[in-house]
Amino acid sequence: DSGVTQTPKHLITATGQRVTLRCSPRSGDLSVYWYQQSLDQGLQFLIQYYNGEERAKGNILERFSAQQFPDLHSELNLSSLELGDSALYFCASSGGLHRDTQYFGPGTRLTVL
Amino acid sequence: GQQVMQIPQYQHVQEGEDFTTYCNSSTTLSNIQWYKQRPGGHPVFLIQLVKSGEVKKQKRLTFQFGEAKKNSSLHITATQTTDVGTYFCAGPGSGGSNYKLTFGKGTLLTVNP
Chain A
4 DSGVTQTPKH
14 LITATGQRVT
24 LRCSPRSGDL
34 SVYWYQQSLD
44 QGLQFLIQYY
54 NGEERAKGNI
64 LERFSAQQFP
74 DLHSELNLSS
84 LELGDSALYF
94 CASSGGLHRD
104 TQYFGPGTRL
114 TVL
Chain B
-10 GQQVMQIPQY
0 QHVQEGEDFT
10 TYCNSSTTLS
20 NIQWYKQRPG
30 GHPVFLIQLV
40 KSGEVKKQKR
50 LTFQFGEAKK
60 NSSLHITATQ
70 TTDVGTYFCA
80 GPGSGGSNYK
90 LTFGKGTLLT
100 VNP
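Those protein sequence lines, which keep their order, are chains A and B.
Heads up: the first sequence runs through residues 4 to 116, numbered per the numbering used here.
Heads up: the second sequence runs through residues -10 to 102, numbered per the numbering used here.
There could be a bad hint or two in this list.
[Said to hold, decoys possible] Derived list of chain B stretches under chain A, where covered just means 3 residues or more per stretch with a C-beta under 8 angstroms from a C-beta of chain A:
{"no.": "1", "stretch": "32 to 45"}
{"no.": "2", "stretch": "92 to 100"}
[Stated by the list, open to error] Derived contacts from chain A toward chain B, CB cut-off under 10 angstroms, selection only:
{"no.": "3", "residue": "Gln9"}
{"no.": "4", "residue": "Pro11"}
{"no.": "5", "residue": "Arg58"}
{"no.": "6", "residue": "Gly87"}
{"no.": "7", "residue": "Ser97"}
[Said to hold, decoys possible] Computed list of lysine-lysine pairs in BS3-like fashion (alpha-carbon distance at most 27 angstroms, straight line):
{"no.": "8", "chain 1": "B", "residue 1": "Lys94", "chain 2": "B", "residue 2": "Lys40"}
{"no.": "9", "chain 1": "A", "residue 1": "Lys60", "chain 2": "B", "residue 2": "Lys59"}
{"no.": "10", "chain 1": "A", "residue 1": "Lys60", "chain 2": "B", "residue 2": "Lys94"}
{"no.": "11", "chain 1": "A", "residue 1": "Lys12", "chain 2": "B", "residue 2": "Lys40"}
{"no.": "12", "chain 1": "B", "residue 1": "Lys25", "chain 2": "A", "residue 2": "Lys12"}
{"no.": "13", "chain 1": "B", "residue 1": "Lys59", "chain 2": "B", "residue 2": "Lys25"}
Calculated directly from the structure, the hints in this document are not laboratory data.
Here the structure is a predicted model, which means the values were calculated and not measured.
Ideal Cβ placement from N, Cα and C applies to all residues, glycine included.
Model the full structure from these sequences, guided by the hints.
Here's what the structure looks like:
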């Protein structure tokens, strides 16, 4: 158990819909990262927040947005969903004792029908 | 931007054979990290190498960091079915509060019992 929690575990929705994925980092970690993992693309970095502020952006679509709240939990919002958005979405946290080691949550499997 | 490449993409071995995966970065790294993802699981931190030429061992796993700090390898001696999974290397970002990691695409190891 990494100490990072993600909800929900599974999400099935239709094209055009909007969903919100939630992540709670390990206690004491200030950074939260979001990744998308599909079969052919590996781990694609989406975005990083540090103590409530956006710090780095990767290959995140404009239809996707994220935020980190004062209690350090984070949400990833995916809108106007397309079939190709079906993937595993991982959240990771860091910033504790080993600052750049990342601890991954169990992931949310999103299926867009 | 920074690129991290891993070879091979796939490796199938008979149980008891050795396995090696190689990681190369386009830039010099302050450290390199290795993660393992079991099928259906999430990436789990294995180890971090920091010093040029560093070698670390974890039971049957041997990790090396190149002298130029741009390449690394993971060697597994006498593979077991429990070694099955995808092995990722990752290099950190520019430091400060940006602990973004750039992941390689991973090497999927399958072991025939």
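Restraint satisfaction for Pro11 of chain A [CB to CB of chain B, less than 10 angstroms]: 15 angstroms, violated
Restraint status (C-alpha distance of Lys60 of chain A to Lys94 of chain B at most 27 angstroms): OK: Lys60 of chain A and Lys94 of chain B at ~18 angstroms, within 27 angstroms.
Hint status (Cβ of Ser97 of chain A to nearest Cβ of chain B, threshold 10 angstroms): Since the shortest Cβ distance to chain B is 5 angstroms, the answer is holds.
Per-residue hint verdict: Arg58 of chain A, partner chain B, C-beta under 10 angstroms: This interface hint holds because 5 angstroms falls under the 10 angstroms limit.
Agreement of hint Gly87 of chain A with chain B interface, Cβ distance less than 10 angstroms: At about 18 angstroms, which exceeds the 10 angstroms cut-off, the nearest Cβ of chain B leaves the hint on Gly87 of chain A violated.
Given coverage of the stretch 32 to 45 of chain B by chain A, tested with a Cβ cutoff of 8 angstroms and a minimum of 3 residues: It holds, with 4 qualifying residues against the three required.
Restraint status (C-alpha distance of Lys60 of chain A to Lys59 of chain B at most 27 angstroms): Holds, at about 24 angstroms.
Pairwise hint evaluation, Lys40 of chain B against Lys94 of chain B, where the allowed Cα distance is 27 angstroms at most: 23 angstroms, holds
Given coverage of the stretch 92 to 100 of chain B by chain A, checked by CB-CB distance under 8 angstroms (3 or more): Result for this restraint: holds, n = 4.
Straight-line alpha-carbon gap Lys25 of chain B to Lys12 of chain A, limit 27 angstroms: 20 angstroms, holds
Holds or violated: Lys12 of chain A to Lys40 of chain B, with C-alpha atoms at most 27 angstroms apart: 38 angstroms, violated
Agreement of hint Gln9 of chain A with chain B interface, Cβ distance less than 10 angstroms: Where the cut-off is 10 angstroms and the nearest Cβ of chain B is about 9 angstroms from Gln9 of chain A, the hint holds.
When the structure is compared with the earlier hints, violations turn up for hints 4, 6 and 11 and for no others.
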